[in-house]
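**Q** For chain V, the structure is supplied; the task is to place chain H on it using the hints.
Chains V and H, in that order, are what the protein sequence lines are.
Taking our numbering, I'd label the letters of the first sequence as residues 1 to 451.
Taking our numbering, I'd label the letters of the second sequence as residues 1 to 451.
Accuracy of the hints is not assured; some may be wrong.
The list treats identical chains as one, so a pair stands whether inside a single copy or across any two.
[To be verified] Straight line, CA to CA, 27 Å or less: simulated BS3-like cross-link-like pairs of lysine-lysine:
id	residue 1	residue 2
1	Lys-369	Lys-38
2	Lys-369	Lys-162
3	Lys-227	Lys-167
4	Lys-369	Lys-127
5	Lys-313	Lys-357
6	Lys-369	Lys-126
7	Lys-313	Lys-446
8	Lys-313	Lys-260
9	Lys-319	Lys-288
Calculated directly from the structure, the hints in this document are not laboratory data.
Number of protein chains: 2
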Amino acid sequence: MKTDVLIIGGGPGGVITAVIGRAMYPDKNFTLVRQEPKAVVPCGIPYVFNRLQSVEENIMGDAPLEANHVSLVIGTVSKIDRSNKRALLEDGEEIVYDKVVLATGSIATAPAALKAPGMSGIFVVKKDLEYIRQMREKIHAAKNVVIIGGGFIGVEIADEIKHLPEKTVSIVEMANHLMEQSFDEEFAIKAEDFLRQENVNIFTQRQVVGYEGDGAVRAVILDDGTKIDADAVILSIGSKPNTVLAEEMGLDVSPLGGIKVDEFMRTSDTDVFAVGDCAEKRCFFCRKHINIMLASTATAEARSAGANLYHIKMIEMNKGTIGIYSTKVGDLVLATAGHTEANSIVEGYEVVTGVSKGIDRHPGTIPGKHALYVKMIFSRYSGILMGAQVCGGDSAGELINTIGLAIQSQLTMTDIATIQYGTHPLLTAAPTTYPLIACAQDAFHKLHSGK
Amino acid sequence: MKTDVLIIGGGPGGVITAVIGRAMYPDKNFTLVRQEPKAVVPCGIPYVFNRLQSVEENIMGDAPLEANHVSLVIGTVSKIDRSNKRALLEDGEEIVYDKVVLATGSIATAPAALKAPGMSGIFVVKKDLEYIRQMREKIHAAKNVVIIGGGFIGVEIADEIKHLPEKTVSIVEMANHLMEQSFDEEFAIKAEDFLRQENVNIFTQRQVVGYEGDGAVRAVILDDGTKIDADAVILSIGSKPNTVLAEEMGLDVSPLGGIKVDEFMRTSDTDVFAVGDCAEKRCFFCRKHINIMLASTATAEARSAGANLYHIKMIEMNKGTIGIYSTKVGDLVLATAGHTEANSIVEGYEVVTGVSKGIDRHPGTIPGKHALYVKMIFSRYSGILMGAQVCGGDSAGELINTIGLAIQSQLTMTDIATIQYGTHPLLTAAPTTYPLIACAQDAFHKLHSGK
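Bound-form chain V, shown alone (with noise of 0.2 Å):
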């Protein structure tokens, strides 16, 4: 067949790519090839555990790709020829393309050791609808589940089967808190309180070294010599860029994982695009290479790839990645966007902090209020906002997004302490204590009298 952009890859990402570009040029016709039948919602997977009724309920509908004329294609492709700009697939099919997408994802990284492919209740987080039905009934079935690997998806998958009936849940972490990529300390401690009174076991600065159980899984085993019982468990230690197609190819991939991609999300091949968790990302600040595998990413870079097919229709706003993301635990919101405060240090960039302590309803009389606490990091000579973070209540899922703007304009802490705002009783923080304007307050007031 002959289609001219072809995507490979069915996540967000990929069928993002697929409606802008249609949009954008609707004169072209789009295909995409994806390995899944059915392709998962990828941050919903921690809620197929209980919040969900069935896996099936975290399935990506394909209504976006057949509204917009998107040709789907269950397969894998096996092989690009770029100067004859053709992909095999797997099942032998050939498909004529002018452009092509890589939307390839990630493959979740754990040692062999640990992956234990002999023995049976070992998962990891996969993209795939019948493992993850597996995972379900097995996790189900378990008396005592153990997760390796304390990031924000280990955090939720824990709190989630907390939740199901009769269950001893534990999470084994290496570094010394929980999702401390993301957060700072005094932030991850809040989390990790939160669950240990929901009497999920935390064992952080602790490595996994080996399981015990002969076919099934029947205990973790720690450096310390603890043994943790689990009929199940789940690896959550993390993902590289899925490269191998683009490896194959030819393309430029960074030594340091993911495809080489300009502002527009063109590879080094410029009728190659690369978009997602397979696209090497660069920081915002100082555009060296960094981790972050996010949807609200892969979708931002999608749209930019979709627009930019054929001509550079839209100007990037910003040159590099953000993280920003929220996660829950229990009723707990964290939320973080940039660099946090160590992170910052660790980079070499000399900060200044501001926090601000409140609740997220005023007066604080008003029925169904939740502790607010906010913390930004600024550049202590330039001001510019660097990153933030944000522990409350369901609001702050949209108040980081806030922030991330702020981040994204390269405000400073003044132009913070003078911005406009709304703010409701039953909705947000008081006037008179909005958090944002707090913090850059805080800061302003620590760099100006020498602390």
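**A** Below, chain H alone, put in the same frame as chain V:
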């Protein structure tokens, strides 16, 4: 007595001027004079009728003043002698000052015929604890309550009172729709539909011509002859800047209302500042006089005044006012920022709008989701965001602040189409359909497909 900075008025504008002023000028002493022994939280007033257990729960405590060593004087300033920098209080006390800040707020307006001074049971919305206490008692005892004026305060009070047992609540509004100043028709209709489901009677395009009752109000008479039974009437028609003292001082006052101020809230006398409802507001886009009275606006102005009392320490990010606010009717949140579409057209702007209809969670199967409808208004040729409205769940309260920041940063539709943002299944729309981006894209496609 003698003070460096004298602040007249104890609302959010006055308090924040004092707090920020003290932080910026720690060597100066500050005195705040207010009439009320206890100050109330202005935005909390609608909630004293039901959600708050007593009017005392809506007191704005004096802790911020005490913590910042601001002297508090309860009294009324009757006269200010600018040439000698002296303020005279009604009780005869004299305060010698160096800088004075007018934070005298606004006065609820209504024609004398509607205030009907001889008739009991008729109230305005007044920031006075004792008055509100009496109003609350009367409303609790009443069976039929009529609210005259369908702006957001009237709507909030109606929704709140409706949740008390056995009340008949009616709203009378002369415009075509409730909240017409701040929302386009399709948003106003959503609020009206919701209120009607709650059995609130809505009379739009109707004016009140008088009352029935002798001594106590018994009914409200409309211009078409309709008679609405009423044991209590709340007038929420509007407010005007309280410029009595400013006029007496000979300061420049706009003929349209409001004390004339510069970027840093200095009046025509640079030793006299004015903040909040009493100060004139000018449009962010065209600098014309506008009528915006919000606590969030007052506090933003107060931060500027406080920082810049003796030296201009902070340049304003924005050179005019944007109205940003949210309100809640039942579980429906309506939020607005900047110009409505209707308003833009009246003002002569050529615009293009983008809309997004979705939900505020993902996937669509997740429990607790709420419909989310967003509309953004862009300048047709410059592409700059001029305003937006949101109708959704609680997250709309912070979503409107991201939009507000985008307006202040003068982002264009292609800037917004390429922003980075964070999403979470339990907290936001999906990354594939994030509403700000969906709106920007919709506007872009309308524009470039000639629609």
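**Q** Of all the hints numbered above, which does this structure not satisfy? Sort the numbers upward.
**A** Hint check: nothing fails, all pass.
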